[in-house]
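What follows is the residue order along each chain.
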Amino acid sequence: MDDTHAPATTGSPYRVYWITWAMLLGITVAMLAAESFHMPRWFLVIFLLIFMMVKAVMIGGNFMHLRYEKKNLAVMVAAGILVTSLILFFFIRPEARYVLEHSSH
Amino acid sequence: MHAGETALESHWGGGAAPFGASWQKTMMWIFIVTDALLFSGLLSGYAFLRQSIPSPWPRQSEVFSIPFIALMTFILITSSMTMGTAVTAARLGDRKKALRMLIFTIIGGLFFLGCQAYEWLELIHEGARLQSNPWGPPQFGQAFFLLTGFHGSHVISGLVILIVTAIRSAMNKTPPQGVEMAGLYWHFVDLVWVFIFTLFYLL
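Heads up: the protein sequence lines correspond to chains S and C, in order. Take the first sequence: its letters are residues 0 to 104, numbered as in numbering that gives the first Met the number 0. Take the second sequence: its letters are residues 0 to 202, numbered as in numbering that gives the first Met the number 0.
Some chain S residues flagged as far from chain C (calculated, every beta-carbon gap over 10 Å):
1) G10
2) F36
3) H37
4) M38
5) P39
6) F42
7) R66
Restraint ranges, calculated between C-beta atoms of paired labels, are given here:
8) I123/C to A32/S: 29 to 39 Å
9) F42/S to G148/C: 26 to 36 Å
10) L70/C to P39/S: 23 to 33 Å
11) M170/C to F36/S: 44 to 54 Å
12) G135/C to R92/S: 20 to 30 Å
Lysine to any residue pairs mimicking SDA-like chemistry, simulated, CA-CA at most 25 Å apart:
13) K70/S to A35/C
14) K69/S to L36/C
15) K69/S to A35/C
16) K69/S to L91/C
17) K95/C to P174/C
18) K96/C to M57/S
19) K69/S to F30/C
20) K70/S to F30/C
21) K69/S to T25/C
22) K69/S to T33/C
23) K96/C to M22/S
24) K70/S to R90/C
25) K96/C to Y13/S
26) K96/C to G59/S
27) K69/S to A55/S
28) K95/C to Y13/S
29) K69/S to A20/C
30) K172/C to Y13/S
31) K96/C to I18/S
If you're looking for bench data, these hints aren't it; they were derived computationally from the structure. Beta carbons are placed, not taken as given, at the ideal position from N, Cα and C, and that holds for glycine.
So that you can see chain C by itself, here it is in the shape it has in the complex (with noise of 0.2 Å):
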């Protein structure tokens, strides 16, 4: 190497794995950051809405069934639970512990995902619609359907994940890692999901 290259030479200390943690693991990481940061994004701006329309917010109480909501919150996480068994199945090499495992959450995702479009029907029925409401300002129900439908969209990706990781599970072409990557972005799901209920359901 010549003197100027050593000069230029980076003194990186962190080694390979600076995050010691596989490459896999910190970019599903640095994913997370950036979608949370996405969802941060979104709930500020539904914060600003709350905060700049001068007629009053309806009460979520008489919008929603909030025992329903309840339920759903409930579902959430208990499939984060199974999937949090699953992660640790796979690592201590329970194959058919983990597919099952994984099987739970796929069907508790589906159920979650059920109760919400049952919900969007509800309130479509009773005449919510991005434009106006009968609750109030019509900014009341963009951000019902802009904060759900995302955290829906994601729902959705993460049963494809799943649905993907157990069917590869079954071939036995899954490694656990691959199983921890799917289980972090399902906790992420829920994740985003205890914000949403608190910020939108009950404030």
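Next up, chain S with everything else stripped away, as it sits in the complex (with noise of 0.2 Å):
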């Protein structure tokens, strides 16, 4: 079956891979930069989250054509990674504090 959902684009078909590329290294090298300045922790840890998570969703939805396939693939691929991490990631976080709680005493 055809299943080609090209990217519709104008100009030149290859442009969006060129503009995400330099926002890519863009995003990337303020995230460097973040590094160098003497913000809160807690602010820099949003800001790279943030960040890292606008990389991921510009590589899923340009590069690998998330944007163009049908809106329950993308959902369905995009959803079940970020539920199921947050699930995992939260659910042994308390755990992780009982280690460090009880191999410090």
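Fit the two chains together into the complex; they arrive one by one in their own frames, and the hints show the way.
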């Protein structure tokens, strides 16, 4: 079956890749530069996590063409990975605290 | 069909392609989701280590050359861009451009792998082992070797897939969809690096 969902661009069909590449590099430089600024740790963590997610969305959407796929495929992939990862992370967090408290005694 | 069979008949309304994609692409996406969950588990394990040890985690900028890691990131992002171009060129029927871009992607992947091998050798030379390291808790070395090692193994598999795809493309044996499948896997490798770069090298 034909499952091509080519990027609908008015100019060069490769333009989307160049723009995404430039934006990813810009974001990476911003993330590296943020390290050298003396900002509160919690702010730096949130800043880096947000930019990490922006980069992931750009790679998934533009490079892997998820934004051109049917919505149910994109939702299955994005929500499946995100929700499972969050559950994994937040379920082991109390356990890590428990281990820390008991190992320091 | 008997009445009993009719009652059991599935009322599936998605037709043959509920995701509007071929079975190859659907299976590739399912594989990517499962592989992403593997890395999700590894990164959650890494988060567990960071939160459960009483000794301070080493400052990454004192252990790694962050500009060098940034260079590795640049190489991988660039290879993803050339891979995307190869996929679109293949779809548009521009076989020469698709092959050229596939070769650029392979070169990028080899450079990345070379950088990773250099980084490993440097750290091993400085005393990093699975059981101990000169910078603090042994979990630091374990997380480093496990995360980057697993990612590196994916880069190697990706390179094998790309080389096979390039050879078959040169022989006019790979349809555009074959290039797209290889591309999906390569972009996934790039995607995983985004998380490792941020969570392990920066935070």
